[in-house]
Amino acid sequence: MHLQSIPLLFAQIATPDDIVREAARLQRNYEFLSYGLTIAWVILVIYVLFMVSRGRKLKREIASLKAMLEDRR
Amino acid sequence: MNEKSGWGDYILYLLGAVVIIILVRDIYVIARLPQEAQQGAIFKIIFFHVPVAITAMIAAAVALVASVLFLITRNFRYDALAVAVTEVGLAFLAANLITGSIWGRIIWGQWWAWDARLTSALVCWILYAAYLMLRRAVEEPTQRATFAAVWSIFSFIDVPIVIFSIKWWRTQHPQPVFWGGGSFPPDWKAVFLWNMLAMVLLAIVMTVVRVRQENAQRELDSLRRTAHAM
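Read top to bottom, the protein sequences are chains A and B. Per the numbering used here, numbering through the first sequence is continuous, rising by one, with the last residue being 122. Per the numbering used here, numbering through the second sequence is continuous, rising by one, with the last residue being 735.
Treat each hint with caution, since some may be false.
[What the hints assert, rightly or not] According to the in silico footprint, chain B covers these stretches of chain A (three or more CB under 8 Å from chain B):
id, region
1, 62-74
2, 84-94
[Claimed, not checked] Listed next, with one range per pair, are the computed distances between beta-carbon atoms:
id, chain 1, residue 1, chain 2, residue 2, range
3, B, Glu645, A, Glu80, 47 to 53 Å
4, A, Ser102, B, Gln615, 43 to 49 Å
5, A, Arg122, B, Tyr515, 32 to 38 Å
6, B, Gln615, A, Ala116, 40 to 46 Å
7, A, Lys106, B, Leu627, 44 to 50 Å
8, B, Ala522, A, Arg122, 22 to 28 Å
9, A, Glu80, B, Gln677, 20 to 26 Å
10, A, Val91, B, Arg582, 20 to 26 Å
11, B, Tyr518, A, Arg77, 36 to 42 Å
12, A, Arg109, B, Leu702, 21 to 27 Å
13, B, Leu639, A, Asp67, 24 to 30 Å
14, A, Val91, B, Tyr518, 19 to 25 Å
15, B, Glu645, A, Tyr79, 48 to 54 Å
16, B, Met638, A, Gly104, 17 to 23 Å
[To be verified] Interface residues of chain B toward chain A, partial, derived using beta-carbon atoms under 7 Å:
id, residue
17, Ala522
18, Phe553
19, Gln718
What the hints contain is simulated information worked out from the structure, not anything from laboratory work. All C-beta atoms in this analysis are idealised placements derived from N, C-alpha and C, irrespective of residue type, glycine included.
Given the sequences, and given the hints that come with them, work out the whole structure.
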């Protein structure tokens, strides 16, 4: 006996309710995939923005300290 | 920051641009791939979930080497590398834990399972977060770098546990595709490897930027000391 793929088997025995349920499952699957990828990217983008803001702050502080030291000299 | 690093900046921007191009292309390609037969579309999360995990583990290994080198040489360049790569690795591991949790909600019907892989990965994240907190708690630079290096070496003990937990214990987390007897179709494997490359390059760019910030922070501390002494 040959094993049939699940979608093919499903198509043979499915009732209209089953098809609606399966469509909802696939939709949910896509939704969660998009949530997962969005969250992964949001974490990395937030980290990059955090680094950019820290870099700017450091530059500003170094420049102001250098200027202050120049004045004192 | 360092004004002599013109070429370094160009290479960094170039690498960043390459990463963006690869990732945009990969997102397009992944969206067009067919659904996996058993799991459906959610399976495609593997193209990000696994590369960010491998990148985080590589980051932990680099942090270990840098920490050992700092303890041997007392050169602060290694300390800067260790903190930079740990912070970047932590961001990647967070992305890994969250994408895994979202996959688990669909496939297992629950957000989290306290199995060996998930628990050891969470412990790993907490250990490296503690590393960053420890650095904030110690004022004196040499003492801070020494304590942090020792903590980083201790934390690395968890990394092999994370990697091999799925082999050593029966876990709810599935066996790996490549290393557990499974396989990808060749075009899927190519996309996976491109994404892997993109993630590693992204981590390298982030680490270099972070190392520069750490060097700038040391310059700032030195300027502050000079200002106090005057």
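Against the structure, the hints come out as follows:
1. Three residues within the 8 Å Cβ limit are the bar, and the region 62-74 of chain A against chain B gives 1, so the coverage statement is violated.
2. Only residues whose beta carbon comes within less than 8 Å of a beta carbon in chain B count, and the region 84-94 of chain A has 7; three or more means the coverage holds.
3. In this structure, Glu645(B) and Glu80(A) meet the distance hint of 47 to 53 Å, their C-beta atoms being roughly 51 Å apart.
4. A hinted range of 43 to 49 Å is violated for the C-beta pair Ser102(A) and Gln615(B), which are about 36 Å apart.
5. As the Cβ distance of Arg122(A) to Tyr515(B) is approximately 34 Å, the hint placing it in 32 to 38 Å holds.
6. Between Gln615(B) and Ala116(A), the C-beta spacing of about 57 Å breaks the proposed range 40 to 46 Å.
7. Checked against the hint of 44 to 50 Å, the pair Lys106(A) and Leu627(B) fails, with Cβ atoms roughly 31 Å apart.
8. Our hint of 22 to 28 Å for Ala522(B) and Arg122(A) is violated, since their Cβ atoms are close to 42 Å apart.
9. Range check, Glu80(A) to Gln677(B): about 23 Å between beta-carbon atoms, so the 20 to 26 Å window is met.
10. Take Val91(A) and Arg582(B): their Cβ atoms lie about 32 Å apart, and the range 20 to 26 Å is violated.
11. For Tyr518(B) and Arg77(A), the hinted distance range of 36 to 42 Å is satisfied, since their beta carbons lie about 40 Å from each other.
12. Separation of Arg109(A) from Leu702(B) is about 35 Å and departs from the stated range, judged on CB atoms against 21 to 27 Å.
13. For the hinted restraint 24 to 30 Å between Leu639(B) and Asp67(A), the CB-CB distance of approximately 55 Å leaves it violated.
14. About 23 Å separates the C-beta atoms of Val91(A) and Tyr518(B), a value consistent with the hinted range of 19 to 25 Å.
15. Between Glu645(B) and Tyr79(A) the CB atoms are about 53 Å apart, so this pair conforms to the stated range of 48 to 54 Å.
16. Taken as a hint, the range 17 to 23 Å holds for the pair Met638(B) and Gly104(A), whose Cβ atoms sit roughly 22 Å apart.
17. Hint on Ala522(B) is violated. Least Cβ distance to chain A is approximately 14 Å, over the 7 Å limit.
18. Given the 7 Å rule on beta carbons, the hint for Phe553(B) holds: about 5 Å separates it from the nearest Cβ of chain A.
19. Here the hint on Gln718(B) is kept, as its CB sits about 6 Å from the closest CB of chain A, short of 7 Å.
Hint compliance for this structure: hints 1, 4, 6, 7, 8, 10, 12, 13 and 17 are broken, all remaining hints hold.
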